[in-house]
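Peer 1: Place chain B on chain A using the hints.
Chains as they are written, first to last, in this note's numbering: chain A, 4 to 373; chain B, 4 to 373.
Rather than coming from a laboratory, the hints here were simulated on the basis of the structure. Mixed in with the good hints, there may be bad ones.
Copies of the same chain look alike in the list, so a pair counts if it works inside one copy or between any two.
[Claimed, not checked] Heads up, simulated DSS-like pairs for lysine-lysine below, C-alpha to C-alpha not over 25 Å straight-line:
id, residue 1, residue 2
1, K124, K327
2, K124, K106
3, K327, K115
Each chain, written out:
Protein chains: 2
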Amino acid sequence: MSFKFEVTATSGRARVGRITTPRGTIETPVFMPVGTRAAVQTLTSHDVTDLGAEIILGNTYHLMLRPGADLVAEMGGLHEFMQWTGHVLTDSGGYQIFSLEPKVDDEGALFKSTYDGSMHKLTPESAVDVQTNLGSDIQMVLDVCPPLPSPDRVILDAMATTHAWAERARSAFLDRPERSDGMRAQFGIVQGGLDRSLREQSAAFLMDIGFEGYGIGGLSVGEKRTEMLDPLRATTDVLPVDQPRYLMGVGDPLSIVEGIANGVDMFDCVLPTRLARHGTVLTTAGRINLEAARYARDPGPVDPDLPESPLAPWSRAYLRHLLKVHEPSVQRLLTLHNIAFLFRLVDEARDAVREGTIDQLVDRVGQVWS
Amino acid sequence: MSFKFEVTATSGRARVGRITTPRGTIETPVFMPVGTRAAVQTLTSHDVTDLGAEIILGNTYHLMLRPGADLVAEMGGLHEFMQWTGHVLTDSGGYQIFSLEPKVDDEGALFKSTYDGSMHKLTPESAVDVQTNLGSDIQMVLDVCPPLPSPDRVILDAMATTHAWAERARSAFLDRPERSDGMRAQFGIVQGGLDRSLREQSAAFLMDIGFEGYGIGGLSVGEKRTEMLDPLRATTDVLPVDQPRYLMGVGDPLSIVEGIANGVDMFDCVLPTRLARHGTVLTTAGRINLEAARYARDPGPVDPDLPESPLAPWSRAYLRHLLKVHEPSVQRLLTLHNIAFLFRLVDEARDAVREGTIDQLVDRVGQVWS
Numbered sequence: 004m005s006f007k008f009e010v011t012a013t014s015g016r017a018r019v020g021r022i023t024t025p026r027g028t029i030e031t032p033v034f035m036p037v038g039t040r041a042a043v044q045t046l047t048s049h050d051v052t053d054l055g056a057e058i059i060l061g062n063t064y065h066l067m068l069r070p071g072a073d074l075v076a077e078m079g080g081l082h083e084f085m086q087w088t089g090h091v092l093t094d095s096g097g098y099q100i101f102s103l104e105p106k107v108d109d110e111g112a113l114f115k116s117t118y119d120g121s122m123h124k125l126t127p128e129s130a131v132d133v134q135t136n137l138g139s140d141i142q143m144v145l146d147v148c149p150p151l152p153s154p155d156r157v158i159l160d161a162m163a164t165t166h167a168w169a170e171r172a173r174s175a176f177l178d179r180p181e182r183s184d185g186m187r188a189q190f191g192i193v194q195g196g197l198d199r200s201l202r203e204q205s206a207a208f209l210m211d212i213g214f215e216g217y218g219i220g221g222l223s224v225g226e227k228r229t230e231m232l233d234p235l236r237a238t239t240d241v242l243p244v245d246q247p248r249y250l251m252g253v254g255d256p257l258s259i260v261e262g263i264a265n266g267v268d269m270f271d272c273v274l275p276t277r278l279a280r281h282g283t284v285l286t287t288a289g290r291i292n293l294e295a296a297r298y299a300r301d302p303g304p305v306d307p308d309l310p311e312s313p314l315a316p317w318s319r320a321y322l323r324h325l326l327k328v329h330e331p332s333v334q335r336l337l338t339l340h341n342i343a344f345l346f347r348l349v350d351e352a353r354d355a356v357r358e359g360t361i362d363q364l365v366d367r368v369g370q371v372w373s
Numbered sequence: 004m005s006f007k008f009e010v011t012a013t014s015g016r017a018r019v020g021r022i023t024t025p026r027g028t029i030e031t032p033v034f035m036p037v038g039t040r041a042a043v044q045t046l047t048s049h050d051v052t053d054l055g056a057e058i059i060l061g062n063t064y065h066l067m068l069r070p071g072a073d074l075v076a077e078m079g080g081l082h083e084f085m086q087w088t089g090h091v092l093t094d095s096g097g098y099q100i101f102s103l104e105p106k107v108d109d110e111g112a113l114f115k116s117t118y119d120g121s122m123h124k125l126t127p128e129s130a131v132d133v134q135t136n137l138g139s140d141i142q143m144v145l146d147v148c149p150p151l152p153s154p155d156r157v158i159l160d161a162m163a164t165t166h167a168w169a170e171r172a173r174s175a176f177l178d179r180p181e182r183s184d185g186m187r188a189q190f191g192i193v194q195g196g197l198d199r200s201l202r203e204q205s206a207a208f209l210m211d212i213g214f215e216g217y218g219i220g221g222l223s224v225g226e227k228r229t230e231m232l233d234p235l236r237a238t239t240d241v242l243p244v245d246q247p248r249y250l251m252g253v254g255d256p257l258s259i260v261e262g263i264a265n266g267v268d269m270f271d272c273v274l275p276t277r278l279a280r281h282g283t284v285l286t287t288a289g290r291i292n293l294e295a296a297r298y299a300r301d302p303g304p305v306d307p308d309l310p311e312s313p314l315a316p317w318s319r320a321y322l323r324h325l326l327k328v329h330e331p332s333v334q335r336l337l338t339l340h341n342i343a344f345l346f347r348l349v350d351e352a353r354d355a356v357r358e359g360t361i362d363q364l365v366d367r368v369g370q371v372w373s
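For reference, chain A alone in the conformation it holds in the complex (with noise of 0.2 Å):
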C-alpha cells in the first residue's frame, strides 16, 4: 500500500503528522471542506487550491443520486470531474441516509431519495463500489449512525450493525484490485455512544479488521459537547498510533483543538459554508453576523487578526451592503473566510503541538468559543 501516515511530533495525546499518497501530502491535523456536491458551496475548486486546501470531502449519498456515480466514473472521477489536484475523501452515505429514517435489514438500508422520491438501497458492498466509480483517495465503509440520546439497545444495535457491514466492505474493498491498488484508501467507522467501553470495544474490532484509518463516527449528534470528550479520548487511547483518526461531522473552533489535544487528526464540518450562508463569520474574537446593524457604517476588516483573509480587503460596512441586498457574491466571500479561519486555527494548534502548548491554546480557544 502506498497510503502512508507518519507522525512527526507529539504533545500528550495530540500529535502533528503526514499523509503520504500517490496524489500527495497531506499536513495532520487537517480540517476538510466539505464538497457535498462535488463542490464546495460558493467555491470553485480554484478557490479551494488557493485557501490551501490538501483535501476535501464528497458525499456518496448525493452523488450516487445526482449526477450518479457511474457518470462521475465516465467523466473521470471525481478530480477530473471538478478540476480538483487535491485529494478527496467520500464519506459513505451513511450519516444522511440515516437521518431519513431508512427500513434497514442485515443487508442494507433501503431509502428514498430527497432529489425525486425514488427508491435506492444502499449496501456495504455498493457503497464500496460507488466510492470507487467516484474515484476518492479515501472511502469510508457505510455505519450506521444514531443521534443521542438514544436508548442503550439502538446504541448496541448499531455498533452490531456497523461492525458487521464493516468486515463486508473490507471484504468488498480487497475483492477487486481496482479498488485497493494502493491508489486508494479505507477507513473503518467506530461507534458506541457515550460510553467509554462500548468506544474500545468498537475500536479493537475495527483494528481487526485493518483499515488505512478510523473515523469516529456517533459524536456531536446532539450531546453536549463536554459529553464528547471522554469517549473520544477511550477511543483514541485504542486506535493505533500510526494510523490517521478522523472525529466525523466535527468542525467547531473549540471542538477542533480540543480534539486536536485528544489525538485526532481529521476533521470536516459544513459549519463554514452553512454559517455563510446566514452572514455570520468565524473571527479571532468570535462569532459576528455582518447583518447587525452596528456594521453599517463599519469600514474596518471583518477579522484585524486573519490579515490574510480573502475578506480583508473589504470592509464590514460593504459586506454588510452585499448582505442587505442578496448580492450572491457576498456568500462566496464569506465561505472563504471561515474555511481561511479554520485552517489559519488547525495550522496554531500544529505549532502548538510541535511547541507543547496545545492545552494553552485550547484553553485560548475556550475563552472565546465554549
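Peer 2: Only chain B this time, still in chain A's reference frame:
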C-alpha cells in the same frame, strides 16, 4: 478638464480610441459590466479586475436607496467601498425610475422605493449630488426614457423634459467645484425615439450645452433590433467625433458589433449576468443552455473557441451538474464566461476597425446571432 478622448483608428463610422482620466485609461470600444448594487452580480471586484475590465457601471437608483449615497460617501466613495481600482460610470437612475411609473413634473420625478415602498424624489440637481456622493468617474444626466413604441407626443415630451433637465444637470455639475474638479465627467443623453430628425435635434441641443461625452438613450427599449440602426446612425453622424458615445443598455453580440460599426464607443448590458442566472452561456457558436439533457455526459468545454474563458477548465457535464443541483458557484462561473465572451468580441471589433474589416465582422456575428 483632464477627461480626454482620442480616436486612434477609424473605418467608416467605426472608431477605436482611448479615454484617459486621472484614474487611468479605457480602451474603446468598451463593454461595461453592470454593477448595479456596488457589485457585478456574483462577482467580486477582484474577479472583475482579473477579467481585464477598465470600467463598470453603478446604479444611482439602487445605490441611493441601499445603502444610501451618503453612506457610500462616508466610506470613501464607490471605488473605496467596492475596492475597485478601475473606472465607474453611474447611470442617473432615470431608466429604473421610469419603469416604476413615477409622478413627473418639471422639477423632477417622484417614485416609490422597491425596497420598502417609501417615496423619493430625484431631480436633475439631486441626481448630480447623488452621483457626486457615489464618487463615480462618469456621471449621466437624469433623462426621461419612454418605451417603444410610444405616441409621438410622449416621445416629444420626453425629449423636451430631457433637454431642460440636461441644462439644469450641467449647471449643477459645474456649480460646485468638487463635481467638476477634473476627476469627473458628465455625459448628456440623446433621446428622440426612432425619428432621425428628432435624434439630430436632440444631439445638437445637448452639444450646445456641452458635455464630456454623450449617451444615446431610448433605444433597445422594445423596438426591433433592425429599427435601432437608422436613428442610431442619425445620432452618431451629428455627435462630435472627438468625444465618446455610449449606447445605453445594449449588449447583445450583434448589436454591439453593429453599434461599433455605426460609431458607438461604449456599451453596457445586464445580459451576461442575467443569462448566467438562467444557465445560458454565450459561445462562438451561439447561445447554449447548459441545463439541456444533451450536455449531461459532455466532456467538452463550453466554448472550444474561447480557450481563455474562466470556464475553460470545466466540462459541460460538470457545469450542467452544478446547475441541476443549484450549486451557487456555477452562477459566478457562467457570469465570468459571458463577460469574457463579450470582452473578446469587443477586442475583435477593435482589431477589425484597425484593419478595416468591421463590416465582415458584423456579417460573421450576424450569421450566428441574428
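Peer 1: Work down the list of hints and note, for each, if the structure agrees.
Peer 2: Going through the hints against the structure:
Proximity of K124 and K327 under a CA criterion of 25 Å is satisfied inter-copy only: 23 Å between copies versus 43 Å inside one chain copy. Taking identical chains as interchangeable, the C-alpha atoms of K124 and K106 lie at most 25 Å apart only when both belong to the same chain, with a minimum of 9 Å there against 63 Å between chains. Taking CA atoms no more than 25 Å apart as the test, K327 paired with K115 passes between copies only; the shortest distance there is 19 Å, against 37 Å inside one copy.
Violation of the numbered hints given earlier is absent; every hint is satisfied by the structure.
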